[in-house]
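*Asks:* Sequences listed follow chains A and B, in order.
Residue numbers for the first sequence follow the numbering used here, so the first one is 1 and each next one is one higher.
Residue numbers for the second sequence follow the numbering used here, so the first one is 1 and each next one is one higher.
Please note that the accuracy of each hint is not assured.
Because identical chains share one entry, a pair is satisfied inside a single copy or across any pair of copies.
[Unchecked claim] With a straight-line cut-off of 16 Å between C-alpha atoms, the simulated EDC-like cross-links for lysine to aspartate or glutamate are:
| id | residue 1 | residue 2 |
| --- | --- | --- |
| 1 | Lys16 | Asp210 |
| 2 | Lys33 | Glu88 |
| 3 | Lys16 | Asp238 |
| 4 | Lys161 | Glu269 |
| 5 | Lys371 | Glu383 |
| 6 | Lys231 | Asp212 |
| 7 | Lys299 | Asp279 |
| 8 | Lys27 | Asp62 |
| 9 | Lys16 | Asp3 |
| 10 | Lys51 | Glu117 |
| 11 | Lys378 | Glu269 |
| 12 | Lys21 | Asp50 |
The set of hints was computed from the structure by calculation and includes no laboratory data.
Protein chains: 2
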Amino acid sequence: MRDFVYHAPTEVVFGKQSEEKVASLVKKYGGHKVLVHYGGKSAKKSGLLDKICGLLRDGGVDFVCLGGVVPNPRLSLVHEGIDLCRQEGVDFILAVGGGSVIDSAKAIACGVPYDGEVWDFYTGKASPACYLPVACVLTIPAAGSEMSESSVITNEDGDVKLGYSNQLSRPKFAIMNPVRTFTLPPYQTAAGVTDMIMHTMERYFSHDDDMDLTDSLAEALMRDLMDNVFKVLADPEDYRARAQIMWGCSLAHNDLTGCGLTGDWATHEIEHELSGMFDVTHGAGLAAIWPSWARYVYKENVSRFVRFAVNVLGVPQDFTDPEGTALKGIEAMERFYHAIGMPVNIHELIGKEVSEDEIREMARKCTRGHKITQGSFKVLGSEDIEAIYRMAR
Amino acid sequence: MRDFVYHAPTEVVFGKQSEEKVASLVKKYGGHKVLVHYGGKSAKKSGLLDKICGLLRDGGVDFVCLGGVVPNPRLSLVHEGIDLCRQEGVDFILAVGGGSVIDSAKAIACGVPYDGEVWDFYTGKASPACYLPVACVLTIPAAGSEMSESSVITNEDGDVKLGYSNQLSRPKFAIMNPVRTFTLPPYQTAAGVTDMIMHTMERYFSHDDDMDLTDSLAEALMRDLMDNVFKVLADPEDYRARAQIMWGCSLAHNDLTGCGLTGDWATHEIEHELSGMFDVTHGAGLAAIWPSWARYVYKENVSRFVRFAVNVLGVPQDFTDPEGTALKGIEAMERFYHAIGMPVNIHELIGKEVSEDEIREMARKCTRGHKITQGSFKVLGSEDIEAIYRMAR
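Construct all of the structure, not just a fragment, from the sequences and the given hints.
*Replies:* Take a look at the structure:
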């Protein structure tokens, strides 16, 4: 079993009344002047932004607001946020939104106390000595950024999307009110759940077969998410199901399901190039790639795929034919994706055939110009990645 | 579903190499002068104490030592620790041991910065404004104190055992090396696992039937602990099984398995009086009480007991007879307790019949002189508690 560190210090305040505590939580974690960071019109339209600002005001917490975060959050807005924080003497960043807003908040939080260019942290040229404290009011369960240490920012200058992880960036608190997710459209709901399940699968498909406890927790989490996504697609205002998806999202990416295992993460990397080239929803892109990744790699550890088929998808085990059971698990996963409106190949995702040139270009980018490999379940070079794109075509 | 707060900020550093990081972790969390707090001879004999002291010395961290913590840790030693910390300018408490040592460390940590009597926190007369930081090197997985906010101290003056919970007392880090648990005797191992499973069951037996995610995680954890205890009883040096028990211990009591539920905790309270009167091992006492508690209360929510029987113990479900399935689950739990050397009634626990006077005395104490009730799955007054002691006789 791998040695591991598990550290998920974020205080999760969960439920219908959770937002009421925002001012006292900001004060508890040392905030005096807050940047309220948000995305577009939905935070305003829903009344959430007004509510949070009102609660801060009533609680005697001073604040300024900065909206405009878009999916794949931009470096230019991060710069704007850093400038605003310095001008206004902000000492606490509160993200109100989903993963993109939280990621943007994390970037601002390390940029404010740093004299140089914040992008240096993302390119690995520098490392931050400190962060302003970050916290969030979550509205879209998907990315898991509310408890994670990672942030992904896009530099429009060169269209480069890079991730950066730092323990200091973990949100101090995360307010989660499942009612706020009632209005999420079906496609975004399904893509979000796909992303959460994939966060778990990336850790689960490991050669470390000796940590049953982590595996069993991961299986329970995946089964629960699969069960509840059908409930919310049938009834978007099913509080019980929305709540389990929201909490499941955090558990899928706070490292609980990775303790003692080596993660793979190849599907995420392969998908990143796909969404970079075709501007698709990340979760949907993962569904389009995973079945092909799975068929390409399953022979590396057939019993792992058998376990997934049986314990997660309820496939009857053929004890005489492990490979057959493994493949039936991949087919069952495809049926699940289709049942929630997700694609299982690139054609279904983007509505057209991807070309050979595009495949080669994505594989080249995914391996930083053929310089690195991806994955650990099976280590994938650019030729492997090209083959997976072709299978997923 | 109940609103909840989940906050488990302890940094868990887990594995064979984990102890090596002790000095850097102390410094990371602001320690300059450490009190190394420990129990009796086993920490010395195993070489662990010397190793930790050597690592602190090599890491340039100054320290003083205080041993002598006993099971049911005493207030007098807490006072001694507080005096020593003040004399020596200690600013960080490192517990090396099991739950009793960590509980004692937590009491010292809130006593040092407080002008009054530390026992006031346990009796509810005062509330601490701050704690010295606490951390631990865990050697006995059972109590879950390494990630919990609670501490139980015995005041020898009057023989009163009281618990106190405070978010500030959660250890900053917990070093867990499963190899250190290889030498735990079978009885202590089995009693520890019984305690962990009971920490989960106290949360699981709830009328909140609408949080499947928490329930499923709890079931996975209980099944895993039950599986692994047989492995370590067969081979005390089975690293894989020891590791899962050690990590499972923390997950059983860091509130993960309580999210969205109302806990019961009656079995713990009923057992406290038993171990108070007969000085038995807490885990063994829980096993002696639980089957009788279960038979006394199961009709309050039969489906919960059916779920436990089927999902945790693998009892075949008789769909025509829910009560029969529920009762078979309780019987299966008794077989499990017997199989790992635990008692299922008080006679097996203490080797003699408990008297009517003793039963009435324990029930009286358990309800603070008939003033309070215990439990929430079924609210129990002193007559109910007497009845359970009689059933468990």
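*Asks:* Under a CA distance limit of 16 Å, which applies to Lys16 and Asp238: within one copy, between copies, both, or neither?
*Replies:* For Lys16 and Asp238, the Cα distance is within 16 Å only inside one copy (13 Å; across copies 45 Å).
*Asks:* When no copy is named, should Lys27 and Asp62 be tagged within, between, both, or neither for a Cα gap of at most 16 Å?
*Replies:* For Lys27 and Asp62, only the intra-copy Cα distance (11 Å) is at most 16 Å; the inter-copy one is 34 Å.
*Asks:* Which holds for Lys16 with Asp210 at a C-alpha limit of 16 Å: within a copy, between copies, both or neither?
*Replies:* between (39 Å within a copy, 15 Å between copies)
*Asks:* With 16 Å as the alpha-carbon cut-off, assign the pair Lys51 and Glu117 to within, between, both or neither.
*Replies:* Result: close neither inside a copy nor across copies, 34 Å intra and 44 Å inter.
*Asks:* Using 16 Å as the alpha-carbon threshold, which applies to Lys21 and Asp50: within, between, both, or neither?
*Replies:* Within one copy only: 15 Å inside a chain, 46 Å across chains, cut-off 16 Å.
*Asks:* For Lys299 vs Asp279, is the C-alpha pair at or below 16 Å within one copy, between two copies, both, or neither?
*Replies:* neither (32 Å within a copy, 56 Å between copies)
*Asks:* With identical chains, the pair Lys16 and Asp3 could be close in the same copy or across copies; at 16 Å between alpha carbons, which is it: within, between, both, or neither?
*Replies:* between (38 Å within a copy, 7 Å between copies)
*Asks:* At most 16 Å between C-alpha atoms: does Lys161 with Glu269 qualify within a copy, between copies, both, or neither?
*Replies:* Classified as within: same-chain Cα gap 12 Å, cross-chain 55 Å, threshold 16 Å.
*Asks:* Classify it for me, Lys231 with Asp212: is the Cα-Cα distance of at most 16 Å met within a copy, between copies, both or neither?
*Replies:* between (29 Å within a copy, 13 Å between copies)
*Asks:* Quick one: Lys371 to Glu383, C-alpha cut-off 16 Å, is that within a copy, between copies, both, or neither?
*Replies:* within (12 Å within a copy, 74 Å between copies)
*Asks:* For Lys33 and Glu88, with the copy left unspecified, which applies at a CA distance of at most 16 Å: within, between, both, or neither?
*Replies:* within (8 Å within a copy, 39 Å between copies)
*Asks:* Between Lys378 and Glu269, at a C-alpha cutoff of 16 Å, which is it: within one copy, between copies, both, or neither?
*Replies:* within (14 Å within a copy, 51 Å between copies)
In the structure shown, a violation is registered for the earlier hints numbered 7, 10, in ascending order.
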